[in-house]
Amino acid sequence: MIHVLAFYLFAILVVSSGALTILSRNPVHSVLWLILAFFNAAGLMILLGAEFIAMLLVIVYVGAVAVLFLFVVMMLDIDFAELRAGFVDYLPFGILIALVLLAEIVLGIGIWSAGPIELAQRAAPANPELSNIQAIGGLLYTRYIFLFEAAGIVLLVAMIGAIVLTHRARGGVKGQNVAKQNRRRPQDAVRNINQPVGQGVEL
Amino acid sequence: MTAFFQNLGLPFEGAWLLSTVIGILLIALPVMLAVAMIIYADRKIWAAMALRRGPNVVGPFGLLQSFADGLKVFLQETIVPSASNKALFLIAPIITFTVALMAWAVIPFQVGVVLANINVGLLYILAISSLGVYGIVLAGWASNSKYPFYSAIRASAQMISYEVSIGFIIITVVLWAGSFNLTAIVESQKGYYGFLNGNGFNPLLFPMAIMFLISALAETARAPFDLTEAESELVAGYQTEYSSMAFALYWLGEYANVILMCALNAILFWGGYLPPIDWAPLYYVPGILWLFAKILFFFFVFSWVKATVPRYRYDQLMRLGWKIFLPTSLFFVFLVSGFLMLTRYGGAQ
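Top to bottom, those sequences are chains P and B. Quick note on numbering that gives the first Met the number 0: the first sequence kicks off at 0 and runs consecutively. Quick note on numbering that gives the first Met the number 0: the second sequence kicks off at 0 and runs consecutively.
It should be emphasised that the hints constitute simulated quantities derived from the structure, not laboratory data. Among the hints, erroneous ones may be present.
[Stated by the list, open to error] Here are the simulated PhoX-like cross-link-like pairs (lysine-lysine), alpha carbons at most 20 Å apart as the crow flies: (1) Lys43/B - Lys305/B; (2) Lys322/B - Lys179/P; (3) Lys173/P - Lys322/B; (4) Lys145/B - Lys85/B.
[To be verified] Calculated Cβ distances over 10 Å to all of chain P for the following chain B residues: (5) Lys43; (6) Thr77; (7) Lys85; (8) Phe299.
Every residue, glycine too, gets a C-beta built ideally from N, C-alpha and C.
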């Protein structure tokens with residue numbers, strides 16, 4: 000009973016906040032609806048018993064990705080009239096994408112109603128004794144270790160690429176050498192002199 | 000507790016709902032009371048270190064000062080700036096306050112005395128604490144004012160930076176304990192050298208304990224990392240436009256977060272509800288008292304730091320987070336996992 004109620008609550012919230020992400024005019028509101036959608040999707044995963052994935056979804060998408068989204072979107076200066084101006088130009092392309100998605104959904108439902116793919120018998124059944132994390136770790140670090148490491152290398156390359164693209168050595172910037180700053184003592188920086196009246200200070 | 004209500008004739012769902020609601024109230028109300036008293040303690044400690052008296056007028060020793068302040072704030076008018084985004088302006092403090100209370104669901108107060116004994120407890124805390132930044136960012140954006148906006152940008156950069164190193168520090172503890180469940184983590188800290196309880200006595204984890212304490216200061220935006228509300232630069236940071244109860248919610252949420260971080264320090268590194276020394280008579284003292292004592296000790300450290308350490312510059316804050324804490328904590332993840340592979344998990348095969 001509680002499961003059913005929770006499922007419908009989360010499902011309705013995911014779908015409606017997803018729709019509002021697209022429909023709302025203000026991009027900051029869009030990001031916030033997106034965050035609500037992520038959050039409720041995590042709730043759905045908890046209902047499925049995949050609590051590890053649910054927590055990762057919240058930590059990675061809500062805690063990091065969406066914060067950066069919000070960070071960028073907050074600083075935009077949006078002209079709403081200009082946003083709507085391109086509507087007619089993009090309409091054909093939008094309809095094309097909508098048709099492709101519709102075809103995929105129709106195909107998906109058709110295949111699903113034709114009967115399940117026998118994937119479950121090929122993969123080893125999960126041990127119900129193990130927790131989520133142990134089960135995922137057991138598969139990830141044994142059977143899929145090369146794919147896992149390949150994904151890691153792809154991410155590393157992407158990270159280095161992002162750094163190379165954005166990093167440029169600018170001239171005229173004074174860098175700080177923290178060790179040098181910490182080594183500095185008052186006697187290196189301050190000098191007491193007995194200055195005669197009527198003469199300038201010699202530096 | 001569910002079983003107790005089931006015996007009274009309720010169906011399972013009803014009994015579960017009722018016992019959970021009672022559990023939530025049993026945690027949330029004492030936390031609110033603790034927040035009020037800890038604000039008083041903060042002001043008293045801070046005053047003592049500055050050789051002042053601190054609050055001493057309302058009630059005996061000024062004990063009721065926080066309640067008087069709360070009442071005053073409650074009776075004020077809520078001012079919503081006309082240029083602000085009204086809905087988000089009012090939602091933002093609610094988010095901060097709610098998130099600060101949510102994380103308490105998985106804190107174990109005693110063996111088995113925990114609202115939700117889930118096996119991803121520590122990940123849940125990470126997830127919830129990563130939500131905390133939204134309250135501040137939304138306040139900064141919705142206020143439609145310069146200083147709150149600067150504060151929001153600073154806060155999001157600061158929290159993301161320190162969450163990375165907090166994540167790695169937590170991983171070292173999880174590797175040692177072999178579980179994400181907070182009760183299991185506390186139980187795994189029993190009996191270092193046969194008589195001490197606490198990961199902090201482990202030479203491999205002690206540096207992590209220190210780094211976690213400092214990262215906790217940064218994560219809760221306490222001094223010396225309170226760049227988000229640096230009064231000399233940003234008026235009051237993200238709270239500039241807030242008044243009345245909306246302001247009070249920030250205040251309460253901030254201190255509830257501070258107590259939570261103190262509790263996490265105690266649970267992850269100093270044995271949580273276990274007595275510090277593994278000696279049988281000490282186990283007669285209820286575990287919840289040990290936990291409270293440790294929380295209070297860490298809160299004293301937080302106040303002490305606030306009273307004595309000058310504020311960091313923003314570039315120093317970023318340097319500490321990315322160039323020092325991140326590499327060091329990553330190195331310790333390798334060190335701890337390597338040590339465990341060589342000893343506990345049987346070495347190279």
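Against the structure, the hints:
no. : hint                : result
1   : Lys43/B - Lys305/B  : 12 Å, holds
2   : Lys322/B - Lys179/P : 17 Å, holds
3   : Lys173/P - Lys322/B : 18 Å, holds
4   : Lys145/B - Lys85/B  : 17 Å, holds
5   : Lys43               : 34 Å, holds
6   : Thr77               : 22 Å, holds
7   : Lys85               : 13 Å, holds
8   : Phe299              : 29 Å, holds
Comparing the model with each numbered hint stated earlier shows that all of them hold.
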